[in-house]
Amino acid sequence: MGYVLEVQNITKRFGGLVAVDNVSMGVNAGEVVGLLGDNGAGKSTLIKMVSGVYHPDGGKIFFLGKETRINNPMDALFLGIETIYQDLALAENLNVYSNIFLGREKLKKILGMIKVLDHDYMLAESKKVLKKLEIEIPSLKNRISMLSGGQRQAVAISRSLYWDAKFLIMDEPTAALGITEQKKVLDLVRLLRSQGLGIIIISHQLHDVFSVADRLVIMRRGEKVAERITKNTDPNEVVGLIVGAETVKR
Amino acid sequence: MNRNSDKRKSLLVFLGRRWALIFLVIESLVFSFTTEAFFSLKGIQIVLFYGTTIFLLGTAETFVIITGGIDLSVGFVMGFASIVSAKLVVMLTNMGVPPAISILLGMLITWMIGFVPGYVNGSLVARLNVPPFIATFSMLGITHGTSELLIRGVPAKNLPYLANAIGNGYFIYLLPGKAISFFNKPVIQRGELLLEIIPNMVVIAFVFILIFAFLLKRSKFGQHIYAIGGSTDAALRAGINVKAHLIKVYMISSFFATLSGTVYMLQYVTGKADAGAPFLLDAIVAVVIGGASLYGGIGTIGGTILGCLILSVLETGLRMMGVPTFDKYIAVGVILILAVLIDQFFPELIHREE
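Quick mapping for you: the protein sequence lines, in order, are chains A and E. Using the numbering used here, read the first sequence as starting at 17 and increasing by one per residue. Using the numbering used here, read the second sequence as starting at 67 and increasing by one per residue.
With the rest of the complex left out, here is chain A:
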């Protein structure tokens, strides 16, 4: 099958500690994969190798079928792999559209030579992408500090998507949100899936992962211990896999 993103036998060591041990997994276009595991299982390390923060010590990464080296976060962004971290990394003092365009600001020339920020363009484009995602934010001129947690998450997602993301990694997207907002973010994930993106979600909220993920990959102590189709398993089995109790049960 043609995975959007695939890692084969990927390994990462920190000194004597093997954080990720020989892990292989892949994600299809239009598929949501939940990456599960207890703290220290190696989920974040695995993700950070894909997003260019860490370099793997072994194994290969394939993107759109081609073997790829991702040396830094800019490489990943350039390929179309966007990562939304738990802390979102938005500049709270800037407004919504400035955050969406941060680092990639649209400029226009005045007096034929001086390049200045093109606020109108960025505002209009941001409106479009938010509309496409069915996100409502009262005013895009509001600073991020005035938005709710769910709205911030939405801004972080729209920032990724505006830049033609083909693959999205979400680290605990619902952790800091209220119940209604969690639901909205999950709806957004489903919408993105329907638009053909490959998505990895890391979350401790099993309920959320079960409601949105097509497939589950479970890690423990750096190793991939299981892979399940979501509808063929249940939270009890998965919890067992996460904590390593399934051997006791059987």
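The set of hints was computed from the structure by calculation and includes no laboratory data. Each hint should be verified, as a subset may be incorrect.
Unchecked claim - The calculated label-pair distances, taken between Cβ atoms and stated as ranges, are:
no., chain 1, residue 1, chain 2, residue 2, range
1, A, L80, E, L81, 50 to 60 Å
2, E, F287, A, F94, 34 to 44 Å
3, E, L407, A, F94, 42 to 52 Å
4, A, G31, E, F411, 42 to 52 Å
5, E, L87, A, F94, 43 to 53 Å
6, A, E141, E, F411, 52 to 62 Å
7, A, T196, E, F392, 56 to 66 Å
8, E, L407, A, A140, 33 to 43 Å
9, E, Q410, A, G128, 43 to 53 Å
10, A, T196, E, Q410, 25 to 35 Å
11, A, F78, E, F411, 54 to 64 Å
12, E, R74, A, S155, 20 to 30 Å
To be verified - Covered by chain A, according to a simulated footprint, are these stretches of chain E (three or more residues, beta-carbon under 8 Å):
no., region
13, 144-151
14, 212-220
15, 318-326
None of the values given here were measured: they were computed from a predicted structure. Cβ coordinates follow ideal geometry from the N, Cα and C atoms, glycine included.
Mind docking chain E on chain A? Use the hints.
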């Protein structure tokens, strides 16, 4: 809840956001009635003339404070620049270079040298993770000591007369109904009224302040300064080269301090190690009054200039009233506390987007 309290709230918001402007107006009115000299062409220009140093140092500090840092070295970098430029001008004149060219060259070379303390400050902060307070405090000591070594207790002197003519000249001279001239002071008959409009140094200061205000407000470079001040992580992940950017910001700061030093050299026709020392507090206070947050991310040059005007009016007004300078320090302290309290208790009043 009801319309009346809504109205009252929006009035409060209106006043809260403009408290500095309102303060400036009230302050100016008070001095207009209590002194004869304040409310006049001359009086207002004295405010601007004495304000030049705070305008420039305030602008320097605004850039650094928006990134969440602080630059304590601006005062002594300014003194250092006043000495270096004075020495250079004297040296060049003694070598037979015409005064106008020695002054121009002396200032240009000093501006180039002025980037060095900023580069060092910025590198310490950005690359070696030294807290801005410590890095720039050390630079304060280094520039102070170097300045004293350069002059060995004797202020730089024997500058050409032209320096004085430029530093204390005016942009426009007007003989009402008869003549107008730029930069050149016309010879006048006894009893004729000559209007002098806008000190030269204020013109120079504002040319640079306006350019850099534009840069901060409208350019990508300026936008990234705000982003770094708001969240270094966000800036990093957006692909901004945060370290290089911070170094540039500290270089802008020390450039403005240096500019202020060369302006001082022309205004007072000398170079002094502690030329800018008393203005460090004023510069920081002006930035805070102007609505900037010491935590970074918020602040404007326009706001800072307003803050500078409040301090300069206060200084000039109290002097005209014959009040000793100590009272000014007390007043500045009180205003600073007022500014910070308003900021702390009504943040949503002040920092809300339109």
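> What hints, given by number in increasing order, does this structure fail?
Replying inline: 2, 6, 13, 14 and 15
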